[in-house]
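The two chains are supplied separately, each in an independent frame; assemble them into the complex guided by the hints.
Listed below are the residues making up each chain.
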Amino acid sequence: MTPAELDAVARTVRRECGLVLTPDKAYLVDSRLMPVARRWAKPSVEALARELMAPDPPRDLVREVVEAMVTNETFFFRDRKPFDQLKAFVLPRLLAARADRRVIRIWCAACSSGQEPYSIAMICKETPQLANWKVEIVGTDISTEILRQAEAGSYSQFEVQRGLPIQLLVKHFEQQGDRWQLDASIRSMVSFRQFNLLDPPDRLGTFDVVFCRNVLIYFDLPTKSGILGRIASVMAPDGVLYLGGAETVLGVSDRFQPVRTQQGVYELATPDARQGPVRMAAG
Amino acid sequence: MKSCLVVDDSRVVRVVARRILEELRFEVVEAEDGREALERCREHMPDAILLDWNMPVMNGIEFLRTLRAAEGGAAPVVVFCTTERDLKHIREALAAGANEYIMKPFDSDIIADKFGQTGLI
Ligand SMILES: C[S@@+](CC[C@H](N)C(=O)[O-])C[C@H]1O[C@@H](n2cnc3c(N)ncnc32)[C@H](O)[C@@H]1O
Chain A
4 MTPAELDAVA
14 RTVRRECGLV
24 LTPDKAYLVD
34 SRLMPVARRW
44 AKPSVEALAR
54 ELMAPDPPRD
64 LVREVVEAMV
74 TNETFFFRDR
84 KPFDQLKAFV
94 LPRLLAARAD
104 RRVIRIWCAA
114 CSSGQEPYSI
124 AMICKETPQL
134 ANWKVEIVGT
144 DISTEILRQA
154 EAGSYSQFEV
164 QRGLPIQLLV
174 KHFEQQGDRW
184 QLDASIRSMV
194 SFRQFNLLDP
204 PDRLGTFDVV
214 FCRNVLIYFD
224 LPTKSGILGR
234 IASVMAPDGV
244 LYLGGAETVL
254 GVSDRFQPVR
264 TQQGVYELAT
274 PDARQGPVRM
284 AAG
Chain B
57 MKSCLVVDDS
67 RVVRVVARRI
77 LEELRFEVVE
87 AEDGREALER
97 CREHMPDAIL
107 LDWNMPVMNG
117 IEFLRTLRAA
127 EGGAAPVVVF
137 CTTERDLKHI
147 REALAAGANE
157 YIMKPFDSDI
167 IADKFGQTGL
177 I
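Chains A and B are the protein sequences, given in the same order.
Just so we're aligned, residue 4 is where the first sequence starts under the numbering used here, counting upward by one.
Just so we're aligned, residue 57 is where the second sequence starts under the numbering used here, counting upward by one.
Just so you know, the hints here were simulated from the structure itself, not pulled from any lab data.
Note that CB positions come from ideal geometry on N, CA and C, so glycine has one too.
Check before you lean on any hint, since a few could be wrong.
What follows is a set of in silico ranges between Cβ atoms, one per label pair, in the way DEER data are often shown [what the hints assert, rightly or not]:
no. : chain 1 : residue 1 : chain 2 : residue 2 : range
1   : B       : Asp142    : A       : Asp257    : 42 to 48 Å
2   : A       : Arg42     : B       : Gly175    : 42 to 48 Å
3   : A       : Asp181    : B       : Met114    : 25 to 31 Å
4   : A       : Asn135    : B       : Leu150    : 28 to 34 Å
5   : B       : Met114    : A       : Ala99     : 50 to 56 Å
6   : B       : Ala130    : A       : Lys174    : 32 to 38 Å
7   : B       : Gly175    : A       : Leu98     : 22 to 28 Å
8   : B       : Met114    : A       : Lys174    : 27 to 33 Å
9   : A       : Thr5      : B       : Ser164    : 36 to 42 Å
10  : B       : Val71     : A       : Asp257    : 50 to 56 Å
11  : B       : Gly172    : A       : Gly180    : 24 to 30 Å
If you want the footprint, here are the derived chain B segments under chain A, 3+ residues with CB under 8 Å [stated by the list, open to error]:
no. : stretch
12  : 137–146
13  : 165–177
If we strip away everything but chain B, and leave its shape as in the complex, we get (with noise of 0.2 Å):
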């Protein structure tokens, strides 16, 4: 089974998140932020993460970067999922090392087809 980190600050967001993750047949774990996000990385580096951009404490992109840069980081396959719905963002993100890319709101459909895009099923 593979695993997937879901990092939104929104409580709701991740209970969506995760339901249809587990319908996909992964094994969630939630963070709240960046600085949770990285922690749960260093227990355990998941096979994809699910990456909202604006959090407190740590936003997704300053995560993206230091995960990228960390031991082991450049594995997971990450997919961001944010209200940031321009071009600008989405170039960052993906200079940032992010592989996918989704602009909330989100369904079942666009997670399966963007974790399809990406290969994890």
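Looking at chain A on its own, in the form it has when it is part of the complex (with noise of 0.2 Å):
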């Protein structure tokens, strides 16, 4: 692949979702490719970067391209820190500052095939104090073909042994085969949505917890800056925001302020959310 044909690929997925490809990624974006090509019946990587080359290149090439390069990687309680925190800590805080609404919104904003909102549903689930609660949680990714996945509920051996702890396998799946699917009754607290991040959000609604795990880290600072920024402007006052473990908000936004006693867990920066009165959440 030329230094030009990279440097395509690389622009491409740059403009549309914000990933960042060095070109020691020249391997990846050959192998993740190869699969596009030999759909869109091009006789090699190669061609298929040149297609991108074009003016108007066709937009389900472009998409196409970009979720053959997004990594989907994720897990069932990723890391476990947070969505043990979500129990201990937000959602006890949520119960109190909500009692009169009795709505709750989470936002898993790159929730790839949906064991991020699930692991969450299967908490408030666990919950009994949120029994008589409206429960929303939405995720969202940029990839259609993964929210198809996440959407399905269903996965291999391989996914639900990891991080899923067996107990609540043994409570919210059913086997079908070698799969296993999981239950109507946590499916449907989550709702997924097409949504990509370099977008603005408003019309996703304001959300009480946000989860933005494992994704920032692809971007460059001003792409880091400007997601967190946009979060920020649809999180209730006294809202939270989880990041992955490599990820931080310091030396990239000021709109948010590590929560004490919480490691991993950000509140927004402005007196408003510190000293202001609640606001509630629209449902």
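As structure tokens, this is what we get:
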């Protein structure tokens, strides 16, 4: 692949989803785009890349290239600690703050194949005080293909053995051949929508909790701060944000500050968020 | 250092499991079937037991029931590791006092995950 061809791929994914492809990722471009080239009846990945240089490449082709280049790696209760915190700290706080409206809205902003929003749904389901509450979990991702998998809620033996305690497998999944199907009672707590983090999120509503984990690592600094700013704009004043283990707001966005005593949890950095009256999330 | 008893009638599985567990800093003891595993437990109750289901002489589930009824037998964390992968077996194992359950094939990630799940690491 020539530098110009690699550059055409890199510029496309950067423009479409923010992903920064460095030249050392050439091998990745090759192996990930091979199936796309085949589907589009191109003789090679190079030919596919040249198609991207055209003034107006087919939207479906661009979409498939982006979906092939992003990393969808995820698992249930990833890193465990954020989910323990959600249960022990964030949900109790919201149960008190939202007692009159009884609505909690949670956004998984790069939910991949659904393990993250479904982990949250299982926690909420296991919280008896939430029984008469409306818990809305919204899972979004740029990839329509991965969202299709998320919506299906069907996982391989390998996937259900990553992070998921056996008791929860027995409780919430049904066996279908060599796949494991998540129950409708958990699936119905999550709705999935295609959403690009580079776009304004206003139409998604306001959220009390936002998970934006293991996706900012792929972006450059201006992209990260833009995304964090837009997330801040749809958070309830007393809402909280979770980032991945290798991600931080420090030096990236002044809209957030770490929650003292709760490592990895962030809150809005306005005086309003710290002292002001609690506003309700739009339901 | 925590100890783990690996119970499996396949030598190959025991060798692989031992390598993974030693990497995770466990002291490993092996047994070929349930009867031998009970003897090992009588000599020294391990912190963890990685347990196959189908074995000659005494199988995993019989071993587990005997262990849980024995003095000091409530303490070890028991993780099944078996080719039995249907819900019926998993439920039976949990009812008999298993703490976690691995469906073979397994690798170091799955062992580390499940041992982490039960607080062993
Ligand atoms: C590594 S996964 C993280 C999944 C999950 N949050 C976790 O922590 O396990 C990253 C996800 O981000 C999605 N993604 C990448 N760029 C995106 C963008 N610009 N907008 C929305 N989602 C994006 C990818 O499709 C992928 O599913």
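- Item | Which numbered hints fail | Numbers 1, 6, in rising order.
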